[in-house]
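From first to last, the protein sequence lines stand for chains A and B.
Sequential numbering of the first sequence, starting at 0, is according to numbering that gives the first Met the number 0.
Sequential numbering of the second sequence, starting at 0, is according to numbering that gives the first Met the number 0.
Keep in mind that the hints were calculated from the coordinates and are not lab data.
Here a beta-carbon is modelled for each residue, glycine too, at the ideal position from N, C-alpha and C.
Check before you lean on any hint, since a few could be wrong.
Stated by the list, open to error - FRET-style restraints, in silico, Cβ to Cβ: (1) Q63(A) with A15(B): 29 to 39 Å; (2) T240(A) with T284(B): 20 to 30 Å; (3) N118(B) with P106(A): 21 to 31 Å; (4) R117(A) with S141(B): 32 to 42 Å; (5) V23(A) with R215(B): 55 to 65 Å.
As the list claims (entries may be wrong) - Sample of chain B residues facing chain A (criterion: CB under 8 Å; computed from the structure): (6) Q105; (7) E114; (8) F246; (9) G250; (10) Q275.
Now for the letters of each chain:
2 protein chains.
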Amino acid sequence: MFSGLSAFPLTPMNAAGPDDVTFVRLIENLAEANVDSIGALGSTGSYAYLNRAERARIARLAVQHAGPVPVMVGIGATSTREVLHLAEDAQQAGAKALLLAPVSYQPLNSEEVYELYRNVSHELSVPLCVYDNPRTTRFEFSDELHARIARLPGVASIKIPGVPADPQAAKERVERLRKQIPSHVSIGISGDPLAATGLNAGCELWYSVLGGLFPRTALALTRAALAGDSEQAEQLSRELTPLWEMFHQHGSARVVAAAAELLGHVEAPCLPAPLQALNNTERTTLAALLDKLALSR
Amino acid sequence: MFSGLSAFPLTPMNAAGPDDVTFVRLIENLAEANVDSIGALGSTGSYAYLNRAERARIARLAVQHAGPVPVMVGIGATSTREVLHLAEDAQQAGAKALLLAPVSYQPLNSEEVYELYRNVSHELSVPLCVYDNPRTTRFEFSDELHARIARLPGVASIKIPGVPADPQAAKERVERLRKQIPSHVSIGISGDPLAATGLNAGCELWYSVLGGLFPRTALALTRAALAGDSEQAEQLSRELTPLWEMFHQHGSARVVAAAAELLGHVEAPCLPAPLQALNNTERTTLAALLDKLALSR
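With the sequences and hints as input, model every part of the structure.
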């Protein structure tokens, strides 16, 4: 399951908590689009804002409505104890893989992060994806630490937070990491604005925010890149430049949440407070952009 | 209650969760030392690593064993929903004040943080302390935002993350903030290494990590400063320089946790995994230092 397009849907919220019905519709759309995997309860899926019972329920709904598409579930939390509980819940829900970021309150050091992955990896019966996202965890993985963690049992993929924009530098970056980790561990690109660059540079999959809402647009880009048509992949990405700029400015989750609200796929507000999607001026810009781009669900 | 020494105890952990018996002993020591207030479930008290039921229980234990000393309880969480639940629990436990940091996963913007405080402040029946701690929340308050939030109903104090080391610059910093907030809102210094400098610069209280374990040492420094003996306060702080250096290097919670373990006040390991107190080499250094400093509980 660690190749192609891994689509990360929102977990839409309402006043009472996660909006199950709307979440199921997002999952069904991903299953119909035939994405290669679904990443439920990723950052875009607001995992860090839900309690354990809600996360277990959302994990079950994702698996139940994904059809044959394998579901990976985010199990990040500040404490190792809670991560282990969440791993158990997600596996019981039928998750085919788990996604773990070193979520922090007190800034973590490398030894703490290694011990977190070591303790968790020994308790799992499904593969683990290492989620490297310094923007939300404020932890910077060194390649040396990636190499140590990638050798732990069950580690199957690393979700990297981006690559250099220059294609040659991106290739060197991916090759440098590739050399240090076992060959069975895939490298996936996240940070949608550089997804084409990452795939063209040798990443095996795209962990995609855009793909959670617009799977067919994200699939076209992914398939062009993985078929070796790097020009076509770059061209498809370039067409989305104004959207990527909004991702940079506001964070991808806020932009995709506002897009889902504008297009009527979720009720507004769909993000968990205190997070806010875009303000009115920004929404007007985004609405015009969505009209023009005609992204494909 | 927002003056003098506010002491922040550890919440010692064991394999099952918070170690109630040991926590109660720490609280009783603070009550006997007659600190001006107790900050239960602060960063040092690992609030971000406990679930709602554990936090409610620890809040109750703190209030029950603090005697006449007023207890403030930390209610920070990533979601506003959870913060409101925690506020309710803490007030039912008998907290005399609440402490709220803008805890984040997705980085927050100023409008989101303002709305968080606005929504929460309207639901409270006890005073609120604004907890400004960019090291753990990764959110930087502007003075303008402090001014807006300080005008919300019930806001009674701001816990600032430090002051410049230079006494004159520290004074200017505190005066600049003071001018922008209502006079009934106190300013408290945190970041123990600059506590004396902050108190001498006009902060009304010290939100103290050291004071959670060694209240009498922290009280001596606080009382000297608040009595106007700035030289004596600076001198007492200077004597602790090697300890402050360890705070800077490892984070104050890791150092105080290791000190509590070394002195037998808590069982080891007392921090919630994945957090680790100091390694063996660092512990040897700390043990020698504790011998030399003979801090007063």
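So, going through the hints one by one against the coordinates:
For the pair Q63(A) and A15(B), the beta carbons lie near 33 Å from each other, so the given range of 29 to 39 Å is met. Under the hint 20 to 30 Å, the C-beta atoms of T240(A) and T284(B), about 53 Å apart, miss the expected range. Roughly 28 Å separates the CB atoms of N118(B) and P106(A), a value that falls within the hinted 21 to 31 Å. For the pair R117(A) and S141(B), the beta carbons lie near 41 Å from each other, so the given range of 32 to 42 Å is met.
Hint check: V23(A) to R215(B), Cβ distance near 59 Å, so the stated range 55 to 65 Å holds. Here the hint on Q105(B) is kept, as its CB sits about 6 Å from the closest CB of chain A, short of 8 Å. Hint status for E114(B): holds, given a least beta-carbon distance of 6 Å to chain A, under 8 Å. Look at F246(B): its Cβ only gets to about 13 Å from chain A, farther than 8 Å, so that hint breaks.
At about 6 Å, the closest approach between the beta carbon of G250(B) and any beta carbon in chain A falls short of 8 Å, and the interface hint on this residue holds. Satisfaction of the interface hint for Q275(B) is found here, the shortest Cβ-Cβ separation to chain A being roughly 5 Å, below the 8 Å cut-off.
Of the numbered hints stated above, those contradicted by the structure are hints 2, 8, listed in ascending order.
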